[in-house]
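Number of protein chains: 4
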Amino acid sequence: MPGKTEPTDILRRKIRIRNPLLRNLLSEFLGTLFLLFVGTSIVAQFILSGEKLNTWIQINVGWGFALVFCVYATAKTSGGHLNPAISLVMVTFGRLSFTHFLLYSVVQILGALCGSGLMYILYYDAIVSHKLAVADHIKLFCSYPPEYLSWTGAFVDQAVGTGFLALFVCVVIDKRNKIPDVVHPLFFGFILMMIGMAVGLNLGYPINPARDFGPRILAYIIVGKEAFGAMNGFYWIAPAVAPMFGAVFAAWFYHIGFGAHLPDLEEERLELPTKEESALPLKQL
Amino acid sequence: MPGKTEPTDILRRKIRIRNPLLRNLLSEFLGTLFLLFVGTSIVAQFILSGEKLNTWIQINVGWGFALVFCVYATAKTSGGHLNPAISLVMVTFGRLSFTHFLLYSVVQILGALCGSGLMYILYYDAIVSHKLAVADHIKLFCSYPPEYLSWTGAFVDQAVGTGFLALFVCVVIDKRNKIPDVVHPLFFGFILMMIGMAVGLNLGYPINPARDFGPRILAYIIVGKEAFGAMNGFYWIAPAVAPMFGAVFAAWFYHIGFGAHLPDLEEERLELPTKEESALPLKQL
Amino acid sequence: MPGKTEPTDILRRKIRIRNPLLRNLLSEFLGTLFLLFVGTSIVAQFILSGEKLNTWIQINVGWGFALVFCVYATAKTSGGHLNPAISLVMVTFGRLSFTHFLLYSVVQILGALCGSGLMYILYYDAIVSHKLAVADHIKLFCSYPPEYLSWTGAFVDQAVGTGFLALFVCVVIDKRNKIPDVVHPLFFGFILMMIGMAVGLNLGYPINPARDFGPRILAYIIVGKEAFGAMNGFYWIAPAVAPMFGAVFAAWFYHIGFGAHLPDLEEERLELPTKEESALPLKQL
Amino acid sequence: MPGKTEPTDILRRKIRIRNPLLRNLLSEFLGTLFLLFVGTSIVAQFILSGEKLNTWIQINVGWGFALVFCVYATAKTSGGHLNPAISLVMVTFGRLSFTHFLLYSVVQILGALCGSGLMYILYYDAIVSHKLAVADHIKLFCSYPPEYLSWTGAFVDQAVGTGFLALFVCVVIDKRNKIPDVVHPLFFGFILMMIGMAVGLNLGYPINPARDFGPRILAYIIVGKEAFGAMNGFYWIAPAVAPMFGAVFAAWFYHIGFGAHLPDLEEERLELPTKEESALPLKQL
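Residue numbers (the numbering used here), protein chains in the order written: chain A, 1 to 285; chain B, 1 to 285; chain C, 1 to 285; chain D, 1 to 285.
There's no promise every hint is true.
Identical copies go unnamed one by one, so any copy, or any two together, can satisfy a pair.
[Stated by the list, open to error] When the alpha-carbon atoms are kept at most 27 Å apart in a straight line, the in silico BS3-like pairs for lysine-lysine are as follows:
hint, residue 1, residue 2
1, Lys-178, Lys-14
2, Lys-52, Lys-139
3, Lys-131, Lys-52
4, Lys-139, Lys-225
5, Lys-139, Lys-175
6, Lys-14, Lys-175
7, Lys-225, Lys-14
8, Lys-175, Lys-131
No wet-lab data here; the hints were simulated from the structure.
Taking the hints into account, I'd like the entire structure generated from these sequences.
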């Protein structure tokens with residue numbers, strides 16, 4: 001086995017955390033931290049350039065790639081959830097205990113808070129010089145609703161957006177769909193890009209309670225109580241809670257509507273059927 | 001075999017539909033539903049933001065990824081057609097009976113109708129607050145022709161657009177082109193992106209009778225009879241019928257012009273020839 | 001072997017062209033035809049929408065994907081050149097005879113002409129209603145130089161652009177770089193996207209004598225002699241000739257500067273070295 | 001073994017450089033040259049078209065693909081660093097000697113200088129006709145700070161941007177993350193695209209001392225001493241030095257925070273665990 005005496009391997013032997021819970025929590029914390037550090041920097045570049053240097057396409061593609069590489073960094077350790085709503089789905093699938101879901105959620109929120117704080121340091125000069133309006137200042141960190149939107153509308157928006165995420169993530173990870181593990185994180189990023197193009201109008205698709213709530217705490221500290229003030233102080237609950245319902249509903253909807261009826265792996269011949277052949281059984285009825 | 005006692009596997013044992021026709025129809029219904037739910041949401045974000053939050057590139061890329069993941073969700077079950085024109089091509093290839101093509105088409109149209117209805121719920125607040133012009137209101141659901149376009153022009157446009165889809169889908173699924181099954185849905189998405197950049201000017205590339213006709217019924221209910229009114233009530237026939245002709249013509253054109261003359265798989269050596277080597281035979285003439 | 005009695009296989013047995021030269025010429029003709037049909041439609045959507053529905057990014061991405069799928073359609077038969085400059089490179093590599101290069105070039109030019117003609121039919125209503133300026137009318141078909149550009153500048157531009165294409169195509173197809181055959185056409189498309197972002201300012205990167213000259217003949221017929229009129233009638237020679245020089249120079253530059261010094265396939269261990277290991281030999285000097 | 005008598009193989013036998021240091025230096029020189037030739041041409045198209053033909057998305061995607069293909073061209077020979085900061089990371093990983101790092105850096109700077117010079121030739125007509133402001137003229141070659149930015153802010157910006165690059169490159173090349181070698185260069189390009197969307201606001205993400213300093217020398221010759229003049233002559237040091245610190249810090253941060261705690265390759269079962277299974281151990285605690 002080559003490389004055993006490389007400096008990084010020496011480090012590994014010395015500091016490796018062998019307790020799975022601890023290393024998983026560290027992985028989720030740092031993964032969410034970098035997701036938000038990159039992600040809120042993308043938002044900052046969008047806002048601070050007057051939506052000129054970044055336009056909405058960079059919000060979509062940039063966040064997509066941020067998810068891709070943060071999931072690659074954490075998938076082999078903690079599963080790369082980086083989102084309490086996805087962790088909750090895993091609880092309902094019997095793959096994560098409820099206690100661990102709570103711990104995951106806490107470190108995800110803390111990671112998101114720290115990540116957006118690092119963005120603030122990176123863009124401090126630009127933020128100070130731009131004299132942003134309060135709403136725009138808050139939007140550097142977390143979502144802020146438009147005038148026309150009702151609380152119910154916000155709840156539906158976040159439930160639908162996170163529902164798309166959970167549903168299509170289930171498409172990708174269902175073994176019977178035969179998508180190789182190595183491309184899963186890449187496809188999660190493509191899914192997030194798609195969602196940003198479809199469910200970004202109302203709130204900018206936080207679709208992740210940690211991504212929205214963590215940085216909102218920091219916005220409260222830096223910008224003031226208006227961070228929690230929209231809709232008479234009730235708005236912030238929608239992006240913090242609706243994703244949980246949307247994700248679990250959609251994940252199980254996938255299995256009820258699609259996954260449960262997929263052909264078994266054993267049913268198939270050795271050679272993969274082509275797209276057309278898989279439609280063949282219809283004719284033989 | 002791991003995972004047999006997971007909640008999703010227990011569900012599968014209980015509700016799995018074993019009748020291939022039924023499960024295929026469910027698959028096409030839900031696949032088209034989600035394709036339209038995501039897709040018309042992308043269009044809504046484009047229109048409701050004044051073509052600012054989404055620009056045309058998001059229409060292209062977003063619809064492309066929507067197709068990618070809806071086909072991944074349905075390919076192993078029903079073949080992932082999600083489009084009556086593609087199903088009709090499969091009839092001519094002897095891979096789907098005509099009766100099943102009719103059933104496929106019905107559920108695809110219903111799925112498209114329901115999907116656009118869910119978009120309407122998602123963006124209800126925004127739609128109400130925007131007081132859209134009638135034509136823009138209809139465009140949330142289905143295509144609406146510009147002033148300059150003749151009915152023949154619309155027919156040609158939809159035949160050409162769907163023709164490109166069918167032709168390049170045939171390139172991808174032809175085994176002799178050796179493109180692995182697992183990337184087929186991804187490439188279908190790339191093809192749709194390309195078509196949206198080339199054949200989107202006139203009508204916005206519906207190129208799918210279910211995608212255009214299903215939501216048009218809903219537009220009729222919500223917006224009024226103007227949904228079927230363009231070109232003295234004859235317009236809607238073009239995107240409902242032309243794709244059928246275009247797709248079948250182009251699919252067979254592919255096989256006549258390209259596919260029939262491809263080297264046999266057996267002809268080739270064990271090692272794949274490089275791009276240059278495949279040009280070599282020329283010299284040996 | 002499944003599928004032998006499918007309609008497409010029956011067709012294949014009946015019409016298959018077994019003469020390699022004939023089938024290669026048909027492949028190059030149709031491949032270039034569809035490349036231009038899709039490609040010039042993308043340009044038309046850019047011009048006819050006032051650079052609003054398509055912006056430059058769609059020119060880049062759309063042409064890229066058009067190349068991807070037209071090469072997939074033709075790679076196994078004729079090698080998927082679709083460009084006389086690439087065919088000439090293959091002549092210098094000893095993989096195509098000069099006579100066949102001439103025949104390839106003729107059918108590529110004819111294919112390009114026909115493809116742009118089909119675009120004209122597709123967008124006839126829109127073109128007629130838009131009353132385009134002469135220069136814009138010509139640009140639907142082929143390149144037209146800006147005021148500031150000298151003939152030498154045009155020549156350099158086309159030599160550099162096609163040079164990039166040939167150089168990076170050589171990177172991709174050099175077996176020692178170990179890029180699997182199946183992704184070659186996809187990567188060619190990415191290369192073309194990149195070139196359009198780097199060498200599109202002056203002339204819009206035709207970088208393909210067939211792509212520029214074929215449709216220019218049609219522009220002459222439809223728009224008038226101004227199609228060949230720029231720079232006192234000498235401009236059109238630059239995009240028709242410079243790509244030949246640029247491509248051959250760059251392809252050999254690749255082999256002199258990069259390819260000739262790559263480690264042999266046999267030199268390497270069975271396990272592929274990681275990026276870092278391939279830098280290791282430096283230290284052992 | 002086919003192809004041994006091809007012209008490119010004859011060339012190879014004649015001119016192949018067998019001294020690993022020499023061929024690695026040539027590889028880094030030419031790789032950085034083409035990276036900058038393409039890359040600064042993208043910037044030129046952005047500036048010279050008034051940010052209309054290219055918008056920021058082309059800066060992101062174009063530079064990303066330029067990195068992709070320049071790394072594919074050089075990865076098997078020199079490791080494809082093309083950036084002194086990445087080379088320095090390799091020194092700390094014990095994969096490159098410090099002396100060779102210095103030599104790498106010199107040829108990378110020279111390559112960057114020459115590459116931007118070729119861009120100048122390509123766009124000479126356009127540059128002359130546009131009568132650029134001094135700052136824009138300099139930006140064709142290298143970064144130039146905005147009014148609001150402090151030197152510390154510039155240093156942080158470049159350290160963070162290059163830090164992201166090094167951290168995510170380490171994610172990709174860490175064997176325990178099981179990303180196949182063949183896609184590494186593609187993923188490096190995606191990472192660069194992401195960084196350009198997140199850390200491009202202040203300085204346009206040079207994040208590479210060679211990329212910034214080499215062309216700055218040329219800007220000094222062509223435009224004048226203002227190329228080194230910003231921030232009282234101290235600005236240029238930030239993009240030349242900060243990337244070194246940022247890259248080394250982030251690379252080791254990756255190994256301390258993520259890499260050291262990854263499951264061993266041997267720990268895993270023969271079948272790759274799915275995303276969910278890798279989260280399973282949590283439950284068994």
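Of the hints given before, which are not true for this structure?
5, 7, 8
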